[in-house]
Structure formats: C-alpha cells, structure tokens
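Undergrad: One line per chain: the protein sequences are A and B, in this order.
With the working numbering applied, the first sequence corresponds to residues 267 to 620, in that order.
With the working numbering applied, the second sequence corresponds to residues -17 to 185, in that order.
Any given hint could be a false lead.
[To be verified] Computed beta-carbon distance windows for the label pairs:
#1 A/G498 with B/G62: 29 to 35 Å
#2 B/R171 with A/D602: 41 to 47 Å
#3 A/E613 with B/L161: 48 to 54 Å
#4 A/G288 with B/E(-10): 58 to 64 Å
#5 A/Q524 with B/N160: 45 to 51 Å
#6 A/A598 with B/D(-16): 54 to 60 Å
#7 B/L161 with A/G288: 35 to 41 Å
#8 B/N160 with A/G345: 27 to 33 Å
Derived from the structure by calculation, the hints contain no laboratory data.
The structure presented is a predicted model; accordingly, all values stated were derived computationally and were not measured.
Don't be surprised by glycine CBs; every beta carbon is placed ideally from N, CA and C.
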Amino acid sequence: MRISALRLQDFRNYTFQEVELGAGLHVFEGRNAQGKTALLEAVYLGATARSFRTSKEADLIRWGQPDGGLHLAMERDSGRPRQLTMRWQAQPLQRHILLQNQPVRRLADFLSELPLALFTPDDLELVQGGPEMRRGYLDLLLCKLYPAYLEALGRYQKVLRQKGALLRAQSSRAELESWDQLLVQFGSQLMQFRAEICRQLEPRLTSLYAEFSGETCILRLVYRPCVEHDFGETLRRAHQEEWRRRTCLVGPHRDEVQLSLGEALVRRFGSQGQRRTLALAMRLAQAEMLLEIGKERPVVLLDDCFSELDPGRQARLLRWLEGASQVLITTATPLDLSPEHRLYRVEEGRVRPC
Amino acid sequence: MDYPEALEELVESLQQLPTIGPKSAQRLAFWLLETAEPKALRLSEAIRSARNQIRPCRRCFNYSDRELCQICADPQRKTGVVCVVVQPKDIVALEKTREYRGGYHVLGGLLSPLDGIGPDQVRIHELLERVREEAIDEVILALDTTVGGEATCLYLSRQLGPETSVTRLAQGLPAGGNLDYTDEVTLGRALRGRRRVEDLSPQ
C-alpha cells in the first residue's frame, strides 16, 4: 500500500494543503514547529485512527475552526485505488471516518487497511520505559493482525474497569467471582496471542539487532506473563490481597516483555546506543511482521530520528527501507541521502516540493 | 428572542425524552401548540393515566395494569420455567417469536460496579425467591451479550446452583443472513457453537 496524495484541511497548522506522493523515499525538511510531524500524524491517523502525539482529538482541528480533516488517496500493491477521509467536528467533538466514501462503523474494519510503521524519538521508551510501553507494542501489532485480539482486548479492559470499581466500592464480594471468570476468559485469550507473537518476534528481532548493532551478544525477548500457570487459581489465591488493596493485581494488564543482551536486562544495563538500536529494531520487526501476515507492503514513517543514527546505521536502515512501499521522513537538518528521493520544504503550514 | 416561559418549559421537558434533541423538541412543542386542543391534551392525559395505572407485576415485574401481568395471570403458560430479561421491552421481543410459553422475570438492570449497580440494585433476590417458591427448575437467561450481560449470567448461574438448569441464548448467525456480511466476532462464535447437520431438523 502507498499513499498517492494527502490532503489536509484545517488540520493542525494547515489551512489547506495537498501533497502528491510517489513510491520510495520522501524527505520533509524544515525548522521545528512548521508542520512536518503533522504530515506524518495525518498518515498515522489514517492507519490507526489514533494520533501518536495527542489523546485530545480536538487538538487536531486548526485553532478556532469549527471542523477539520484529512483525505488520503491510497494505492494498493495491486494498483487498486482506495480513498479514506477523516473529519473532526469541534463542538460537540465528533469524528467521521469514510472508507471508499462509506462510513466506517467498526474500527476493526479499517484497522487492517493501511499497514504502517512509525519511528519517533519517543520509541526509546519502548526499551527504557515501563512495561506498559512493551504491552502497547504487542497490542498494536496484535490488533492489526487479528480482529479477535482487538475484540478480546476491548472486553478485557471493560471487565477490568468494572472489577476495579467493585474493589474500590467494596460492595459485594460474591460478585467478584463472576468478573474474575470473565477476566480469565478474555485474559487467557490475550496471553495466548501474546505468547505466540513473542515467539515469532524473537528470532526476527535478534537478527535485526545483530545486523544494526554489529554486536555479537545475543538479544533475547521473553514474554513474562503476570500469570504463569492456571489464571483462575492464581486469581482465587490473590482474592484476599486484591480485596484488601482495592486494586486488580493479577492478569495480562500486568504482563512484561523482557529484553536482555547476554545476561543483562537492556532496560537497566544497556547503553544509550544499545537502547536506541534496539528500539529501532523493535519497530523494524513490527513492520516486517505486518508485511508478512498482512500481504500489503507497509508505509514507513520516520519522525525526526534519522539524523540521530550514525552513518553506518543510517546506511543499513536505508537498505532495509528499500523493501518498503513508501517512506516518509521528517528532519530539521539536511540529510545526506544517496539513493533517489523526493525533497519537500515545510514552512509555516505550507509544503512545497523542491 | 426568548420563548414565553410556558413554551420554554414545554420544550425543555420534551428534550428530556430519549432520542429527542433541541430541534425535535422545538418542533414537537410547536405542533402541540398548533394542533387542535383535544389532540394535544390526549397526550398529557395518556401520560397521566399510564403513570397512574401501570405498575410492575407483583410476580415478574413486567408492566401491568393489574396485580399480575397478562402472562403471569394466564393459566395456559407453563410453570417451572422462567426466562430472565433486563427490561419489559425484551419480553415483547421474545413473545413475538411465539416459541416460548413459560414465565418471565424482569431484572431491571445488569451488574455494573462502575455505575454502582450490584446484586441488590437489580431483582436478583426476588428471582431466587421465586425459583424456590414456585419450584422452578429451568432458568433461561436472555441477557445482552455485553460484558455486563455476561457477568450477570455468571453471577446468576452461581447463585441458582446446580439443582436448577440454567441456560442462555445461543449466539451465532442471524436468520437468512449472508455469511460474508457477518462480522468476524459473531462468525467466530457461530463457528465455535456449530451443530451437527442431523440435529438441525425443524422443531
């Protein structure tokens, strides 16, 4: 899949902008706060219905405007065109998504539409942040790959919120078992999916890391579920403790994914360079898996992180990117790219090709 | 321009109704003013008498204008089996099937700790009491397939215990539905709940 044209209207700092895009590498150059990242954000929204910058959708509408939105003209690997429109209305805040001019009723229907990989400086948090970052990483991949996972995750989170409310209210202890039973039902599904995806991720990640770091240490990725055996039994045993502490202590919402090099946990002992390379490898692995299972070749977004890599890693990354259908890069400093690429200048909410 | 006070009160009270927004409320209010008086007042009279006369059935909590609702008062209905629903509306839907001849029990809500609804806020004690007193040996749970519905089913089945047969409605393909129009979650459930072809004889 690639994007043939991107149109923004009253989106972020853009009044109206149309950008024609082709296959291969595109570089958007400009100073900070000119609207470079907003371009990537628009594409990311088109793939995930979420922003990687904000959870407040109202921020997407240009300041003071009643509504705003974006339009993506896409082209499948087969050459077949696809149209996606997203509009936000400010008051009351509403979002409308149209795929092929038809309203999208269920998110699952369109999440599999545009395969995408995003790299941002914040990716470092995948490695050095809390476990929730790595759970989010698995969730994103699994939601894109399996509609059943999306469904189970949504239901699990609903049950978890209900159970949390029950524990806080301390109202009816007899009810707790029913919620636990549902937690087991949906949580077990999540754990199965996560264990399986980790098995598939590890070899890929190990070889990507070795390739990008040039190190001989073996990278290990190990799924550490919060519950190792019998989920239901573990919950029963944690019952007293949960009731006393008024919070949900057991379940896949507390899973961890452990990353280690040799014997050392990267999160605690890795160098800055190792962490950065690992974060990159994680994103690359994610893109590869989407590519393999998802049939369509992905669009890759690199937000301001290309220049942070040393020349050797830049070159290796460029080589890897040749497999992508389309790559969009933003940068504040001019890049020295040898292969063919298109260059655009971004200034005060205007994009012009050079 | 502000509406005269009485008109504003009318618009606002119409707006409290479900699915009615400001525009519809305004339209309805003007219609009520402009139409012939008996026609308009018929509505207020209907609201008043419904509020006065309709009450929950003593046994099943369905709406009724007598002590016992039509279904509970009907000697033809099967005893010993009760179908549990959330609201009286659901009884109407089930009755349309003409396939069920037993009694009902209206819970009035689903368990939802987030909304402060526990077993004491819905009519679970009343159900358990009925099961004991009326010697009910089969309970059919016709609740939503939401998380709240599932939790309520699990809770009820535990409370009813093994001596009562507790079943819930099947989930799967809609009648006359096309396979390719069915969402993958429903289709997945239909797949898990598949049946042998020889068991499919019409009943």
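Undergrad: Please list, smallest to largest, the hint numbers that this structure does not respect.
TA: 2
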